[in-house]
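Throw the hints in and build the complete structure from the sequences for me.
Protein sequences appear in the order of chains A and B. In short: position in the first sequence from 1, add 1, done, that's my numbering. In short: position in the second sequence from 1, add 15, done, that's my numbering.
Worth flagging that the hints you see were computed from the coordinates, not collected in a lab. Predicted, not measured: the structure shown is a model, and the values here were computed from it. Even for Gly, the Cβ is constructed at its ideal location relative to N, Cα and C. The reader is advised that the hints may include incorrect statements.
To spell it out: a stretch of chain A is covered by chain B in this simulated footprint if at least three of its residues, at any positions, have a beta carbon under 8 angstroms from a beta carbon of chain B; those stretches are [stated by the list, open to error]:
{"id": "1", "stretch": "3-12"}
{"id": "2", "stretch": "15-21"}
Which residues of chain B face chain A? A few of them, derived with a C-beta cut under 8 angstroms, are [what the hints assert, rightly or not]:
{"id": "3", "residue": "D19"}
{"id": "4", "residue": "A23"}
{"id": "5", "residue": "R27"}
{"id": "6", "residue": "G31"}
{"id": "7", "residue": "V34"}
{"id": "8", "residue": "R35"}
{"id": "9", "residue": "V38"}
{"id": "10", "residue": "Q52"}
{"id": "11", "residue": "T60"}
{"id": "12", "residue": "A111"}
{"id": "13", "residue": "F138"}
Away from chain B, derived, C-beta distances all over 10 angstroms, residues of chain A [to be verified]:
{"id": "14", "residue": "R98"}
{"id": "15", "residue": "H108"}
{"id": "16", "residue": "V110"}
{"id": "17", "residue": "S111"}
{"id": "18", "residue": "G223"}
{"id": "19", "residue": "D224"}
{"id": "20", "residue": "T263"}
{"id": "21", "residue": "P333"}
{"id": "22", "residue": "A365"}
{"id": "23", "residue": "F499"}
{"id": "24", "residue": "R523"}
{"id": "25", "residue": "R526"}
{"id": "26", "residue": "V581"}
{"id": "27", "residue": "P603"}
{"id": "28", "residue": "E665"}
{"id": "29", "residue": "F666"}
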Amino acid sequence: MTDLERHWEELPVGPAPVDAIMRRARAAAGDREPTRRTRASLKRVGVLACVAAAFVAGTLVAQQDSGSGGSTRIPATEPAQGDAAITPAAFHGELQRPESCERLVDHYVSRAVDLVGRHGWSSPYSELGNLHAAFDGVRANTERLSGYAGYAKTTGARASETGTNVQEQGVDEPDTVKTDGELLVRLRGAELTTYDVSGDAVAELGRLDLGDFHDGEILLVGDTVVALGNDGTRAPSDPYGDYEQEPSPQTRVLTVDIGEPTEPALLRTVDYDAALLAARQHDDTVRLTLSKGLPDLDFARGRGAARANRELVENTTVADWLPRVSVDGSEPSGFLRCARVAVPRAEIGLATTAVVGFTADDPAGLEALAVAGDAPLTYESADHLYLASTGGPDFFCRGFCSFDGISGAVDGTTHVYAFSLDGTGASYLGAGEVEGTVRDRWSMDESDGVLRLAVGPSSETGNFNSIVTLRAAGDELVEVGRIDRLGVGEDIKSVRWFDGLALLVTFRQVDPLYAVDLTTPRSPRLLGELKIPGFSSYLHPLGPMRVVGVGTGPQPGGGSGAQLGLFDVTDLSALRRLDVHSYGAGTRARAGDDPRQFTWLPEQRTMLTVTSRGRTGYVSTVSIDRGRLGNEQTQVEYGDDIEQVRLVPLPDGKVVLVTGEDVEFFPLD
Amino acid sequence: MEHDTEFADYARRAWGSLVRSAVFLGCSPHEAEDLAQTTLVRCYTAWPSVTGADNRTAYVYRILLNCLRDSRRRRWWGERPTAELPETAAPDAAAAVDVADAVHRALAGLSKRNRDVVVLRYFAGLTEQQTADALGVPSGTVKSRLSRSLAQLAADDHLTDLRPDLAGGS
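Laid out in structure tokens, this is it:
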């Protein structure tokens, strides 16, 4: 027997953790991405806004960087240098402004030399080197690539102005369908189609092929469509090919004029060599969070490679580390000045997380700042933006397995950075940290100057969930209150935030629905708890007295399937379930995966939600009458196209049903 | 449920080889158990496809390689994981780490493509066809890569007692 064969035999392997596998698998099967969250209208954020004003007024950043080389050139289209009023990035405290471009590169290199070996980035084999690095990428890409299926969901009580359920009132998010009430725009693959929805029937107006454009979603800003996707080069042509040669992620932003809806016209093409983490629209401002990972270097192989590769990393320049932009096919150029790239004090992952703002009519006029670290969770309120680090998971699998998606630094601590928004610009406010893991952006919410976090367990906490409140004090976000021991040993399934209240659903075998009083941020208080079979993965408030929960639960005829519950929240200390509708064994409530498949029509007191059984998709029309749920199923779609189904409410009360192939009005009784 | 029982049986049987394969493909023992878990979770969620596949073993190893690849495709660098192994670690964690190190040193000279073939075909014991299906390459390619790799390992003194029957194919 050879040494390797002996190693194969002798490698100690524990017993198969079948129970854990089944538990995870069931969770994944029942509810692919559990945490939902929802949100609430924001009051003005007095405290933070004052702090922001002070920093903006007090510390305008110098416009010139020393020794920036060619890498921090500003694209010709960037606003003039004299535009000091919107200069962001007064870094301080936890985020330090680098003294020079050299110092910034020193930061990257000092971290990166530990990551390079004779096969390039990594050890022991090059293709595995970043196994643990992978965590953030998994999460980073998820929001975009798998759309909402990857991450948690939301809704305001009402859809956004363009007909999409979003996290925050007044902050729109991309979707495949958008409407202004009369015109509807739909992206399917690379094809953009416009429809007139103002008449008695939906009428197609025009089409535009967007060319090399993949995984796209759109925003609608007046007469301009902003399409966000990639040029397709990031996807390997051969799934079993040599992925060591795979290119870094790419992001493509297109603007399309639909002023003449019968002839949509492509305006600009803006490409970034970075992954798109999140996109938000506020008025006519579009803001992207981009992540650029380790640079693609021409690593040596064979004898002496370790030393050569280390030298390669030591000789990197700022151009290698900061993302670059290309406008309408121009030569890529940097768009971040070194002084706008903050060096984090905390040991978060190595990457560059950039916040880029522009107006829809000038997608190349960029306002940008960045953190020289990996802080991919993005939550945007009406006037603030929060980035949270994920560092690495406390337990290896959690980041690695796309099902779990729990984030949290390896030291069991999550770092949060707060920015104030002003038009396309952003300025740094301060930073905070909390022990535990923040699962995704839906676990973050801001109300009245208080940042509230739903925090899961990490190595630094007990095996339970918490709600933590933070408030700005100087340049720090300081923990002011917390409530622990919510759902001991259980996972957070959904969170819904209100001004003075959080509803939190955890799950192991039954669904505890917790109501937490947040009116006094210093002392969150558990008001009530309701245990029912199954769990709600999406909560939608109908008003002060009723909340609907869409989720999974045991079915009357046996087995498990989709369920929709109606809860009475009039008395938060005595939560009650008034009625439940079970869809039958093997059914799936799609709104649990993507709340954009849930529509609440307040005037009709009716909700429309997409369900499926096997490969058949239905629209479930659920009426609410005197505490009872009535349901009518309409078969609408098959197969993979089920995830394309949307029910878009129009101001005149009509609803547009969008399926894989068709766009038509959905009949309501 | 019948489905669950069948899956549980399969998971128990497949576990050892999946973990060992993951180590040989470059994971630490801790990572390997995780990768095996993730693979089996994905198998569970796609169980009808797994059981319906013409070649279940190839299908499962393909998922394993996919999981590995998914992790690699994201090129961000997070923190290194903690040095401590979790409570669920293998009973003999320190020994496992040593063995894994030795394996990684021994296989480091192979290209990724060749290492995949050696691990699946030679160590995990998949047939030539299963290996070909799992890797998505023609079986002739499996044969040629295997013989080249085994020759290289023999030259490096890692496999001094080559089994000619395997190297020659079958």
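Going down the list of hints, with the structure as the test:
1. 3-12: holds (count 8)
2. 15-21: Contact hint for the stretch 15-21 of chain A vs chain B: holds, 6 residues under 8 angstroms.
3. D19: Hint holds; D19 (chain B) Cβ to chain A Cβ min 7 angstroms, cut 8 angstroms.
4. A23: Since the shortest Cβ distance to chain A is 5 angstroms, the answer is holds.
5. R27: Hint holds; R27 (chain B) Cβ to chain A Cβ min 5 angstroms, cut 8 angstroms.
6. G31: Holds. Min distance 5 angstroms.
7. V34: holds, 5 angstroms
8. R35: Holds: closest Cβ of chain A sits about 5 angstroms from R35 (chain B), inside 8 angstroms.
9. V38: The hint holds - V38 (chain B) has a Cβ within 8 angstroms of chain A, the shortest such distance being about 6 angstroms.
10. Q52: holds, 6 angstroms
11. T60: This interface hint holds because 5 angstroms falls under the 8 angstroms limit.
12. A111: holds, 5 angstroms
13. F138: holds, 5 angstroms
14. R98: Given that every Cβ of chain B is farther than 10 angstroms from that of R98 (chain A), nearest at about 23 angstroms, it holds.
15. H108: holds, 13 angstroms
16. V110: holds, 13 angstroms
17. S111: holds, 13 angstroms
18. G223: holds, 35 angstroms
19. D224: Consistent with the label, D224 (chain A) stays out of reach of chain B, its closest Cβ about 37 angstroms off (over 10 angstroms).
20. T263: holds, 41 angstroms
21. P333: Non-interface label on P333 (chain A) holds, nearest chain B Cβ at 18 angstroms vs cutoff 10 angstroms.
22. A365: With a cut-off of 10 angstroms, A365 (chain A) remains clear of chain B, as the shortest Cβ separation is near 26 angstroms.
23. F499: holds, 33 angstroms
24. R523: holds, 32 angstroms
25. R526: Fine: 34 angstroms to the nearest Cβ keeps R526 (chain A) off the interface.
26. V581: Since the minimum Cβ distance to chain B is about 23 angstroms, V581 (chain A) lies beyond 10 angstroms and the statement holds.
27. P603: holds, 36 angstroms
28. E665: holds, 33 angstroms
29. F666: Per Cβ check, F666 (chain A) is outside 10 angstroms of chain B; nearest 36 angstroms; holds.
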